[in-house]
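The sequence shown lines up with residues -19 to -1, 1 to 502 when you count with mature numbering (1 follows the signal peptide of the UniProt record, and there is no 0).
Hints in this document: simulated from the structure, not taken from any laboratory.
In this text, all values refer to a predicted model and were calculated from it rather than measured experimentally.
Any given hint might turn out to be false.
To be verified - Below are the DSSO-like pairs computed for lysine-lysine, each with C-alpha atoms no more than 30 angstroms apart in a straight line:
1. LYS307 / LYS337
2. LYS290 / LYS234
3. LYS314 / LYS234
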Amino acid sequence: MRARSLLLPLLVALPTACAEDLFKDWTLRQFYNYANSSRGVAGLESRAVFERALKCPNPTMFLCPGTTYCCYPETHCFSEIPLGCCPDAAVTCGGKYCCLPGASCCPAGGCCNPGEGCCPGLADRCCTIGWQCCAQANGCCAPGSTCCPGKCCPEGTTCGAYGQCNEPTSTRTSTTTPVRPTSTATTSTATSSTSCVSVPKRALPTLRARSVAPVPLYFPNSPEIQDLLANMCIGMRKRGAVQSEELTYLGPKKTHQADKDQNRKDAGCVGADNDCDFRGGLGDSCDEYPFASTHEGGIDQSRCTRAHKRCIPHVQNSKQGRIFNKYLAQLRKLGQPLQPGDKFTVQIDPSFDCSKVPDNFRLARRFANSPYAGAGTESTVWHPIGNTSDSSYLIVPLGDVADGNYNLDLNLQSGSVTSVTIIDNEGEEYATSNQLTAANAAADVQFTMLSYTGLGFVGLSAILETDSDDTKIAYEYHGTPPLRSGGDGDGDNGTSGASRSAPAYELLGMALIMGASLFRL
């Protein structure tokens, strides 16, 4: 987490209603700036005229001596940085930062909220007390984990030479043949601690004949999805398959959301079982194989095996969602849409040799941001993988989001966007928009994540189709926990690793170049 300051240059603590009144006469202030830079008697007279004309718009406010701004009661003029008011109860760090009460000032600048500590050697980072500052990862690592370049590896692992996390090697005492349940209640040392106890999946429909998809779900050997491919290889291996496997489609979320959510829960990708859910900023996401949208996902009752899960970069999980989404669309164009109970083949390109992926290959645990909010910019244009007829696209990764109602605000800074689609990591669509049609255009895309488990943590992303390599997008998303019947609506929902935002003073910024433009921090 970055160290923050509540007071930045050119900030003033004002309610929105009063801010416009205070700065509506910005032309007078522009004149003052000019007069202040003038020399001689004319400059002195100009400043005198300005000072007589300047009044605070609200009688409860007071004008800071020798300045051009006003502050409210229970705040004081923070003259070290022009145009700022600092709450009386706040902490002032070296005359440069205005922080929350109880915050600690960091030697390198900024401040950390209560319960957090400054990271030595990381000028703008705060870590939860008890966590370790990892300079190599430029973030925070959980207690017991291993600090590695660019990531935190799980406890007991070591940093690999190629960016992976290596588990200690151990002597194998069992074969790779899946253990099938027997009629007697015996215990086998070859099985894991995973049991076959789970909520039964909905029975597959029997009113029509099953069909097999005419084309496979193909994953090419692209350098953009290497972690995804490695994870799928290990998942297949645990089921006795290599490079390809036939799976059974459960159905779309519209009719089979409960089954998919239960599969995610059984696989350990939601709630407290999601060990990918840790704080920081690297942005990984929980990936499982077989997919949650298949009958074999979660816990496969026929084999007594649990789906394999790992944390992979959320961009790669987003690419899996796009590949799956395009596959479903391709089958619809062929007139053979995938129906519940249909079989389809997952095929990994043979040039990515699954037999060479080591069993002890472990990916980094996820640094989780808030499951309800995020912001940033994206300018990386991805070109089609394995299908040149598709358009190029940008990915706005939203991460593993919690249940809630969301607004995604997009601003097209350059280039062009033909469409926006919110999808999960298995290609399901949540919302679409065609509002971004010209540079500087803005769009507000609304969508809802509402799982039957009440835990959410589904990997979502916004896919922005584009025909320009110069496309750049700024985004911000925020959500609120959904109100559920019988619940208190506080949005806790038993999630693990979710960080609530600390209370902060509402600050408004102002720009006095061409007028007063206000923005909320």
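Results for each hint:
1. Note on LYS307 and LYS337: the hinted pairing holds, with a Cα-Cα distance of about 28 angstroms set against a maximum of 30 angstroms.
2. The hinted pair formed by LYS290 and LYS234 meets the criterion: a straight-line CA distance of about 21 angstroms does not exceed 30 angstroms.
3. Taking the CA atoms of LYS314 and LYS234, the gap is near 20 angstroms; set against the 30 angstroms cutoff, the hint holds.
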